[in-house]
Amino acid sequence: MQNKEPEPSQHQNPIVDESTMIQISQTLEIFLASNDEVYNFEANLSPEECVAVHHLSQKMGLRVENFGSGIKQKLSVHKIKNKIPTTAKLENLRCFIFSEESKKVLGGLLMHYPSGDEELWGDMIGAYSDTTNRMEQKEDDFFCQPCMSKVEITNKLEDLSARMKNPSDLKLIAEKRSKLPIASLKDVITSTVESNQVVIVCGETGCGKTTQVPQYILDNMWGKGEVCKIVCTQPQRISTTSVSERISSERGETVGNTVGYKLWFESRGGRQSSIVLCTTGVLLKVLVSTGSHFLKTRSVKDDIPCISHIIMDEIHERDKYSDLMLAILREMLPSNPHLRLILMSASADAARFSQYFGGCPIIYVPGLKYPVKTYYLEDVLSIVKSGAYNHHDNNHELSQAEKLSLDEAIDFAWSNDEWCSLLELLYSKATSKVFDYQHSLTGLNPLMVFAGKGKVGDMCMLLSLGANCLLRATDGTTALEIAEKENQKVAVELLKKHMDNDFSNKEGKIFIDKYPAIVNPNVVNVFLIEQLIRKICVDSEDGGIIVYLPGWDEIIKTRERLLASPFFNKRSKFRVISLHSMVPAIELKKVFMPPPHGCRKIVLSTNIAETAVTVDDIVYVIDTGLVKGKGYDAYNNVLTLQSSWISKASAKQRKGCASRCQPGICYRLYLKVQADSLPDFLAPEIKRMPIEDLCLQVKLLDPSCKIEGFLNRTLDPPVFKSIQNGVRVLQEIGALSVDEQLTQLGEKLGSLPVQPSTSRMLLFSILMNCLDPALTLACASEYTDPFVLPLLPDEKERAAAARSELASLYGGCGDQFAMIAAYECWYNSKKMGLESRFCSQYFVSQSSMKKLLNMRKKLVEELYRNGLIHGNVSSYCSNAHDPGILQAVLVAGMYPMVGKLFFPPGSGNKFFVKTKNGDAVYLNSHSVNSILSSQKSFDSSLVVYEEITSSSQGMCIQSCTVVGLLPLFLLSKEIAVAPAKHCTEGDEFMSSPDNLVRVTIDRWLNFESTALDASQMNYLRERLSTAISYKVTHSTDVLPPVLRTAVDALACILSCHGLSGIPGTSDCVNTLNTTINASNPKEFREGLINQDALQINPSIVKVSESEAIQNPSNQTNQNSPIGLGCSTPTKQTDKTPERFCSALIIHNDMPSSGTSISASYDAENPSHPTCQNATSSACSVQSAHINDDVTMTDLTPSKDLNSIWWDASKGMG
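In the UniProt record's numbering, the protein residues as written are 1 to 1213.
Simulated from the structure, these hints should not be mistaken for lab results. Just so it is clear, the structure is predicted and the values come from calculations on it, not from any experiment. Any given hint might turn out to be false.
Claimed, not checked - The calculated BS3-like cross-link candidates involving lysine-lysine, where the alpha carbons are at most 25 Å apart (straight line), are:
id, residue 1, residue 2
1, LYS706, LYS973
2, LYS179, LYS150
3, LYS103, LYS79
4, LYS496, LYS485
5, LYS570, LYS179
6, LYS589, LYS186
7, LYS570, LYS535
8, LYS156, LYS186
9, LYS150, LYS176
10, LYS489, LYS79
11, LYS496, LYS453
12, LYS796, LYS403
13, LYS403, LYS557
14, LYS858, LYS831
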């Protein structure tokens, strides 16, 4: 009777009490934020506490080691990196060979511009740049003061007063404004601001500070007949637009007149706006540019002269841009006595800010107008009288599809350590049939898998829910025996204690007092929320309800749960509204509209409704206590994405939303003990996010300062490791030199309103005439993913097939390709009136696409304003649909985020990505490239990716694109060449062009090539570096013919290679179960050059005919000396030039040194070249490490060279 279940007995909770869990969690969080690598717990931990340590460490990506047993057991927690075990398979080197077409292009280029003629190159470039007219950079006057006389100011005041007195909505609005808590402090605020340079206004949400303080200051300034420019910052885009609309409506105007706003890629108003709302990042750019000027000239006159008041709202949210801006303003205020800084906070932490600014005055605004009663989870469970899972039918037999899903999930978990599918099934089904399900072949069940892998936290969850630990697998082993076999000591001890106490009581899980042990506190219980909302609606007649949820996924699940219920699906009685940054502006306005009589408003929101958005008619608040956001593990240099507990300050903000119009009720879906243990405030963003953009802004502000020194002057300085990582990223993309000096490229990258790596991509795309797709990617990276993720299984398959089909337009194998194709197809379907059909069939958000369209227009304006483009934008898009060139653009934007696909032994068809740091990272199942798992031909293929996120399931890449070797060689930071392992020629390995050499990119990525191909790749690399350097220093100039020809040749070569070295993707796409009832997406792609989409506002940027310079890429082949000036790269078929060409083999860019080896060869007979060494002044590199296994020393320009370094410290690297 192997499968006999034990007799039920009283349920006991194997998890420690809540307060101990909280204490352990806080200890681990402090350790994670520190620079320490190991933390040792005391030896007196109980077995239950050891289980808690294991569970929480696993969630945080930490490793636990056990020493001893019983009361002598000790635990040490380690920060880990998922290093890949070295295997022979990973050492197999790929080989790069130029195609025949590429060789012909190279031959023509080398014939006209040999590599040895460096002085000639310099003379030609210098002469050309000296005679080229430059365009002046367009200035933005958005933050300049309005040009108004005293008479005009008086007229505006009289018009405002007249509007307020008319019997209209404005009169009612004025009455409401006068009743706000802040209204009684109007004169106090204006007089304090006049007499103090820094003032803090502290008041809880709803007191009116956000909308009223700017108006109080404006009316006071106008009352004195003075013009002003009041800049108000908001931490989020959505609050910037909503607040500007609110203030405008209160003044009887539309946005764009007295009140405007400015966001990246979106704005309303201009110089005529006296009040300008913007995000903190926008104002930070203004301060950096003006502050940099001040540091250079020491002139007060030119430093922030036009801004009279800066109001920083919601400073308690502590976003990283606000913290840096506070540090900058503290430095600049003494030299700008005219400037007034008003800091506004909804928390009690105002004293810290006051101390930071030398004890500036604080004005406290009265808070809650109506009382709010608070219930905690223990109260809520009694109110709804419901257990967590009593709505499930445990007698329901599993379907064949459910069994197959469980088989697959158990296989993935046991073989690949992939837990997402199994945990999702356990939480979504949550019945004994699922908990005790045994694999149809192996007999393994979830508990056995968790025990064998040491996932003690998930074991506790199953045991708490009554999972049977006595079941046996096909080979006769139990969960305990599997844990013992796998040497999982903590799991063994837990199972023994469980069986000794015999607490497998399956009836206990439905009781209310067992809820905290049954439900994962980090997972939103949608059923409980539905039951609670129903209870509220039954027990009361009206009053808005708001539910605070962690993220968009939880909003969707809750919304669908409500609308699927017969109780809530009556539109006349309930209006369910989603509130999220992804929601279109039109939908957002519904949040502020009162519902019809007899209809109740139910708002499902993230933490955006804490401070950014105010909903006036809310009476009931349901607070899950969770917030989803990105964190940063500086030690592993990865982002973390998971739900976490809110702070006490946030809990107070959420509670306050129920006090606006009448006494309210706040239901907190967490225990009272958990509420008491919440941190007072969340850690500042500057401590938990990557900060390379801040590091670059610091250098732009003051190029002579040390980044660490300046950031240490912020209110809460980031940890040193974060600064170190940020500086390294900037050095890798060429924005900073090795000694942390700002490069010309870095100065250019910092001038655009995007991340530095995205600026690099835009600059490179302009050079390669591939701007259109780069615009899409740049805007999408600053906004959101436009693809819709359906929840139904059949729709998930269709959505995956649709995305893969879009990616196939560029050859497949790329999430970024799918993004580009989606926008292009949508835009062209829009011109044909088919945009709705396209969005429906390809699971694309139409509102997101419209947003991208507007953002692209604004980004083009920024490129014009910074002098990076001129004339017709379409001339920079002639190569927009070439996959090979587009690959290089992606590498330029995502480098150094590069990895290599591999199939670890025993992983079946599941592949991972090996990163530069040696981490093993899995790919998100939503990625287009997830279908490559069945294609072993992709093993060792290269990918570029946007970011790595870490969660309880491990490190994950959300999106990536497969690329070839050549773009990485051209755009990487360091290149080293050494003899191939099987080469026997020693120091003569470069003596023959046919010799095989090993090329190492950035000290980790190895491939083989011939000496000649390696030399020609470096020749192209040097020319590209020169072209980029020229573009950076002469941004408004057309490239000289010598550089234009080299760039065109490079474009041809990239085009010829295309997806060279990347396996075909047609099989992958064809194997998809495509059920899209749509036409081929290519029909949406007609006329892909989106000239209309790129048109800019001529009133903002004007380019005269004399200023517009004809792009050389539009010239015909006859105008190009070697037929390479075509706008679209074409394969060269003309006869190879009959002459000898010189190819640069080695070039050392370090100052005062250089080594070069050139090879002359006959273009008609390239297999018999002659080689020669050319050594300049002494060059010495004492030691250099390629990776952990290879060290090269004593690199000198002598005949016994063992390896040669190429360092592209200039240009892009």
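Hint check results:
1. LYS706 - LYS973: holds, 22 Å
2. LYS179 - LYS150: Since the Cα atoms of LYS179 and LYS150 sit roughly 31 Å apart, the hinted pair is violated (cutoff 25 Å).
3. LYS103 - LYS79: Violated, at about 49 Å.
4. LYS496 - LYS485: Holds. LYS496 to LYS485 sits at ~15 Å (cutoff 25 Å).
5. LYS570 - LYS179: violated, 36 Å
6. LYS589 - LYS186: violated, 29 Å
7. LYS570 - LYS535: holds, 17 Å
8. LYS156 - LYS186: holds, 20 Å
9. LYS150 - LYS176: Distance of about 30 Å is beyond 25 Å: violated.
10. LYS489 - LYS79: Holds - the C-alpha atoms of LYS79 and LYS489 are around 20 Å apart, at most 25 Å.
11. LYS496 - LYS453: holds, 17 Å
12. LYS796 - LYS403: holds, 19 Å
13. LYS403 - LYS557: holds, 24 Å
14. LYS858 - LYS831: Roughly 20 Å separates the two Cα atoms, so the pair holds.
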